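**Q** Once you have looked at the hints, place chain B on chain A.
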Amino acid sequence: MNNSTMTFRRYLVLAMVTLTASLGDTFLSVGARQLGPISLGHVDQLFAAIFNPWIACGIVLLIGFFASYLTALSWADLTYVLPASSLGYVVIALLSKFWLREQLSLYRWLGILFITAGVGFVTRGPALTQHAADLETDLETEPETAPEATAATP
Amino acid sequence: MTTGSFATWSMIASIVVTATAGDVLTASAMRTIGDLDLIRAQSGLLGAIRAVVGSGRFLAGVLCMAISFFALLFALNHADLSLIAPASASLTFVSNAFAAKFFLKENVDRRRALAAVCVCIGVALLAH
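Protein chains in written order, with my numbering: chain A, 3 to 156; chain B, 14 to 141.
Isolated chain A (complex conformation) (with noise of 0.2 angstroms):
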């Protein structure tokens, strides 16, 4: 497998990094809200956020996310994961509107549309760049499975 090869599995870990991102931030405000106001000078309050319970689930959710994040960098360039995890604006403008009650203005909406949009370019090419050193790599490594590939072959 070509190390920019997308297959359903890499896919998939891509959905988790939307989905998890997109769950945890909504999780976060929900907490923020409930907890108040929070001024510069007592920045102590910010760290105790972290034990009220919807903070704390949203932390648990943004932990899976980076660990799908992380997986996802380790095979795909930092340009083609980010915009490729770009349905996470939808999801959040989704949850904002139906669960936090939030006002989407039409304006938002377009914004969100043209952010979707825009990055989903991305997506149709090649998910990492091909440096120089990495192409020498595979130059390297394809006389060792050539042999194997000419023999197979009737």
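Hints in this document: simulated from the structure, not taken from any laboratory.
All figures in this text were calculated on a predicted structure; none of them were measured in a lab.
Glycine included, every Cβ here is placed at the ideal spot set by N, Cα and C.
Treat the hints with care, as some may be off.
[Stated by the list, open to error] To list a few chain A residues with every Cβ distance to chain B over 10 angstroms, as calculated:
| # | residue |
| --- | --- |
| 1 | 8 |
| 2 | 13 |
| 3 | 14 |
| 4 | 17 |
| 5 | 21 |
| 6 | 43 |
| 7 | 48 |
| 8 | 53 |
| 9 | 55 |
| 10 | 58 |
| 11 | 63 |
| 12 | 85 |
[To be verified] Here are a few chain B residues that face chain A, going by a calculated C-beta distance under 10 angstroms:
| # | residue |
| --- | --- |
| 13 | 30 |
| 14 | 56 |
| 15 | 59 |
| 16 | 61 |
| 17 | 63 |
| 18 | 78 |
| 19 | 90 |
| 20 | 98 |
| 21 | 103 |
| 22 | 110 |
| 23 | 118 |
| 24 | 127 |
**A** Same frame as chain A, but now just chain B:
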């Protein structure tokens, strides 16, 4: 606080700068470490975790992300999620595109540049 206030956008800017530094440092570390799926297959989950946590660049990236996280938490406490989350994340995408091109030497071609323009328009619309 209004969505277009200076304080709101200052909070968004601080999230973007720290998140970009965190993303680039982390991506650079993961590039050096290699495919995590392969490492996990060879050395198990603990081996993969050890490989990641043992990277100094990764730890520096995590520190930047932690600062960005608390900046996000603070911002969410003062403004709408539907503005803070998409605006900071999409602006981070644009700054990441530049940072990835110059620091990680990624191929930010016409397709990825066009995506960045669309994201900029999207962010401008979000501010309304």
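**Q** Next step is simple, just say for each hint if it's right about the structure.
**A** Results for each hint:
Listed as a non-interface residue, residue 8 of chain A keeps its Cβ farther than 10 angstroms from every Cβ of chain B; the least gap is roughly 13 angstroms. Listed as outside the interface, residue 13 of chain A is consistent with that label: its C-beta sits roughly 14 angstroms from the nearest C-beta of chain B, beyond the 10 angstroms cut-off. Residue placement check: residue 14 of chain A keeps its beta carbon more than 10 angstroms from all beta carbons of chain B (closest about 12 angstroms). Here residue 17 of chain A stays apart from chain B, with its beta-carbon at least about 16 angstroms from theirs, past the 10 angstroms limit.
For residue 21 of chain A, the requirement that its beta carbon stay farther than 10 angstroms from each beta carbon of chain B is met, with the minimum near 14 angstroms. Distance check for residue 43 of chain A against chain B: the nearest CB is about 12 angstroms away, which clears 10 angstroms, and the non-interface claim stands. Not every beta carbon of chain B lies more than 10 angstroms from that of residue 48 of chain A, the smallest distance being close to 6 angstroms; the non-interface claim is violated. The non-interface label for residue 53 of chain A is consistent with chain B: the shortest C-beta to C-beta separation is roughly 13 angstroms, beyond 10 angstroms.
A cut-off of 10 angstroms between C-beta atoms confirms that residue 55 of chain A is not in contact with chain B; the least separation is 15 angstroms. Residue-level check passed: residue 58 of chain A sits 13 angstroms from the nearest beta carbon of chain B, beyond 10 angstroms. Here residue 63 of chain A stays apart from chain B, with its beta-carbon at least about 13 angstroms from theirs, past the 10 angstroms limit. With a minimum CB-CB distance of about 6 angstroms to chain B, residue 85 of chain A fails to clear the 10 angstroms threshold, and the non-interface call is violated.
The interface hint given for residue 30 of chain B is broken, as the beta carbon of that residue sits about 16 angstroms from the closest beta carbon of chain A, more than 10 angstroms. A hinted interface residue such as residue 56 of chain B counts as satisfied when its beta carbon comes closer than 10 angstroms to some beta carbon of chain A; here the least separation is about 14 angstroms, so the hint is violated. Because the closest C-beta pair between residue 59 of chain B and chain A is about 14 angstroms apart, greater than 10 angstroms, the hint is violated. Satisfaction of the interface hint for residue 61 of chain B is found here, the shortest Cβ-Cβ separation to chain A being roughly 9 angstroms, below the 10 angstroms cut-off.
About 13 angstroms separates the beta-carbon of residue 63 of chain B from the nearest beta-carbon of chain A, more than 10 angstroms, and the hint is not met. At its closest, the beta carbon of residue 78 of chain B sits 8 angstroms from a beta carbon of chain A; the interface hint therefore holds under the 10 angstroms criterion. Residue-level restraint check for residue 90 of chain B holds (minimum Cβ-Cβ distance to chain A is 4 angstroms; threshold 10 angstroms). Because the smallest distance between the Cβ of residue 98 of chain B and any Cβ of chain A comes to about 5 angstroms, under 10 angstroms, the interface hint for this residue holds.
Annotation: interface hint on residue 103 of chain B holds; nearest CB of chain A at approximately 5 angstroms, less than 10 angstroms. The interface hint given for residue 110 of chain B is met, as the beta carbon of that residue sits about 5 angstroms from the closest beta carbon of chain A, less than 10 angstroms. Given the 10 angstroms rule on beta carbons, the hint for residue 118 of chain B holds: about 7 angstroms separates it from the nearest Cβ of chain A. Taking 10 angstroms as the C-beta cut-off, the interface hint given for residue 127 of chain B holds, the closest approach to chain A being about 6 angstroms.
In summary, the numbered hints that this structure violates are 7, 12, 13, 14, 15 and 17.
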